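Heads up: the sequence lines are chains A and B, in that order. Be aware that the first sequence starts at 0, since it is given in numbering that gives the first Met the number 0, and climbs by one per residue. Be aware that the second sequence starts at 0, since it is given in numbering that gives the first Met the number 0, and climbs by one per residue.
Keep in mind that a hint or two might mislead.
What the hints assert, rightly or not - Taking lysine-lysine pairs in the PhoX-like style, the calculated list, with each CA pair at most 25 Å apart, reads:
| # | chain 1 | residue 1 | chain 2 | residue 2 |
| --- | --- | --- | --- | --- |
| 1 | A | 127 | B | 233 |
| 2 | A | 69 | A | 127 |
| 3 | A | 127 | B | 62 |
| 4 | A | 127 | A | 147 |
| 5 | B | 169 | A | 9 |
| 6 | A | 98 | A | 261 |
| 7 | A | 199 | B | 8 |
| 8 | B | 225 | B | 66 |
| 9 | A | 199 | A | 56 |
| 10 | A | 261 | B | 2 |
| 11 | B | 66 | A | 98 |
| 12 | B | 62 | A | 199 |
| 13 | A | 101 | B | 3 |
| 14 | B | 8 | A | 101 |
| 15 | B | 134 | A | 199 |
Simulated from the structure, these hints should not be mistaken for laboratory data. Everything numeric in this text was worked out from a predicted model, so none of it was measured.
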Amino acid sequence: MNKIKALVFKENISGIIFVMPFIIGLICFLVVPLGISIYYAFCDYNILSDPVFVGLKNFKTMLNDELFWKSLSVTIFYTVVSVPLKLIFALIVALLFQKTTKIAGIFRGVYYLPSIIGGSVAVAVLWKRMFATDGTINQILHAMGVEKTISWLGNTDTAIWTLILLTVWQFGSSMLIFLGSLNQIPRTYYEAAMVDGAGKWRQFFSITLPLLTPTIFFNLVMQVINGLLAYTQCFIITQGQPMNSTLFYMVHMYNETFVYYKAGYGAALAWVMILIVGVFTAVLFATKKKWVYDGGF
Amino acid sequence: MQKKRRIQKTIYYIVVTVIGFLMIYPLLWMIMSSFKETNTIFTTASSLIPETFTLDNYINGWKGFAKITFGTFFKNSAFIAVIATIGTVISSSLVAFGLSRCRFRGRRLLFGAVLLTMMVPAQVLMVPQYLWYQKLGWVGTYMPLIVPYCFAIQGFFVYLMYNFIEAIPKELDEAAKIDGCSYFGIYARIATPLMVPSLVTAGIFSFIWRWDDFMSALLYINDAEKYPVCLALKLFTDPGSTSDYGAMFAMSALSILPVLLIFVFFQKYLVEGISTSGLKG
């Protein structure tokens with residue numbers, strides 16, 4: 000009994016016991032699945048029968064897989080367009096709400112609401128109906144005098160934009176992160192600038208923007224990763240149609256694995272995506288020195 | 000000058016209101032449409048106010064699919080989200096406390112691993128985890144939707160709580176230690192009561208994420224009896240399903256109700272969680 004008591008009072012033993020859940024979780028739910036999936040990436044594996052080692056075959060297949068390239072380019076296009084739009088919007092709106100009046104607080108809530116529910120199936124289902132040919136968007140356009148009925152989701156040019164719009168609509172959480180850093184900029188900086196005769200624009204470009212660059216960088220990294228890995232919207236709204244013009248990489252991976260039962264190929268696709276995310280993150284970090292202000296306040 | 004300011008202010012409020020209205024228009028449209036007669040939803044899609052106000056959509060929608068009502072789906076979702084959230088909060092707080100308050104070999108390495116799990120997105124793990132859970136015989140059960148989260152694998156929450164505990168003065172622990180309190184006593188009697196705000200923040204984010212977790216449900220749950228709400232909603236969009244759009248809107252609106260309520264009552268915690276630790280909403 001005393002022995003147990005002594006153990007419980009020991010700092011290092013207690014520490015290990017406290018972090019035990021994470022150690023177990025890390026091994027069982029991250030390290031092991033990632034580890035075995037490396038092996039599967041080099042196998043023919045249809046989930047039902049045992050995997051057969053085939054070397055680099057899956058990666059060679061990828062090079063000739065039209066949908067791989069298509070989905071990769073769709074995903075990158077979607078990310079490169081939607082992330083900057085989202086961040087610019089978030090920043091502009093954050094600037095509008097910088098004043099902490101009561102009304103601004105309520106509006107902030109309204110603007111933030113879409114990003115808290117935006118990932119749900121309910122919203123994806125709703126989006127699909129809004130952009131249907133007889134949906135609310137077309138009807139409002141009709142009421143405004145536009146004669147044409149546009150098939151937003153049936154047209155290869157417009158379908159991807161409905162998904163981009165859905166993403167940009169959820170700028171609320173980025174906006175809140177911007178607001179958090181905006182409020183940390185000391186007021187004295189602006190007072191000093193005003194004394195020196197700097198106008199509003201000058202203040203924005205010489206004080207606000209440089210001091211926000213670390214936050215912009217953080218948002219950019221997070222949103223780019225999220226963008227590359229998006230799937231729910233595509234899955235429910237477009238299923239990659241029309242003509243695969245909205246086929247996200249993650250959905251392609253899902254289809255190969257769970258629809259065509261090519262789990263080995265799916266594991267290879269997953270690993271290629273991990274590499275792509277890594278490359279994007281590394282590139283962003285490499286440019287960090289060039290434009291991110293790190294002097295603190 | 001006075002006049003110019005007033006004009007500026009008016010323009011500001013007009014701009015902010017118009018954008019705000021556009022922001023919530025889709026949601027308003029969904030909620031309003033759910034009270035319209037189902038055959039008029041698309042003929043009157045450009046107006047928000049229902050001509051005749053009806054609750055039929057809710058009654059019809061609630062009946063669900065193949066004799067399984069939405070009552071079952073909601074019960075399933077609540078079960079998954081509540082258990083996984085309790086597991087997340089307890090395990091994350093234990094780990095955060097251990098990392099913050101105990102010195103032991105490998106602590107730094109583990110802290111690095113926590114940060115790393117924040118960077119590894121759940122989506123890329125979809126296929127690897129499926130293959131692993133398949134081996135464990137978990138496919139078709141709620142295990143993959145609940146058990147992993149009870150082992151603090153979401154670094155965000157550990158990190159959030161870690162920062163919170165770091166801000167609690169160490170003198171409190173020292174005093175308790177002198178009084179003969181073990182580390183577990185300190186965790187249970189001193190740290191936990193003081194970290195309630197971070198537990199609430201983590202709890203509501205976890206609940207929202209688990210409630211909306213569509214992909215895992217799609218992968219692991221095959222039996223319609225066990226469907227959570229998000230997966231049941233997808234049935235409405237499946238080709239070949241009778242398209243009762245009124246019922247679809249009604250059940251969609253109901254499905255976001257728990258999250259809406261959290262938003263209304265816990266907005267402070269949501270805002271804090273996002274602006275201090277960059278949790279995505």
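Hints, one by one, checked against the model:
1. A:127 - B:233: 12 Å, holds
2. A:69 - A:127: 23 Å, holds
3. A:127 - B:62: It holds: about 23 Å lies between the C-alpha atoms, which stays within 25 Å.
4. A:127 - A:147: 19 Å, holds
5. B:169 - A:9: 17 Å, holds
6. A:98 - A:261: Cα-Cα ~54 Å, so violated.
7. A:199 - B:8: Holds, at roughly 16 Å.
8. B:225 - B:66: 13 Å, holds
9. A:199 - A:56: 60 Å, violated
10. A:261 - B:2: Given pair residue 261 (chain A), residue 2 (chain B) is violated - Cα atoms ~69 Å apart, limit 25 Å.
11. B:66 - A:98: Cα-Cα ~53 Å, so violated.
12. B:62 - A:199: Not satisfied, since the Cα-Cα distance of roughly 58 Å exceeds 25 Å.
13. A:101 - B:3: Holds. Residue 101 (chain A) to residue 3 (chain B) sits at ~23 Å (cutoff 25 Å).
14. B:8 - A:101: The given pair, whose Cα atoms are some 15 Å apart, holds under the 25 Å limit.
15. B:134 - A:199: 62 Å, violated
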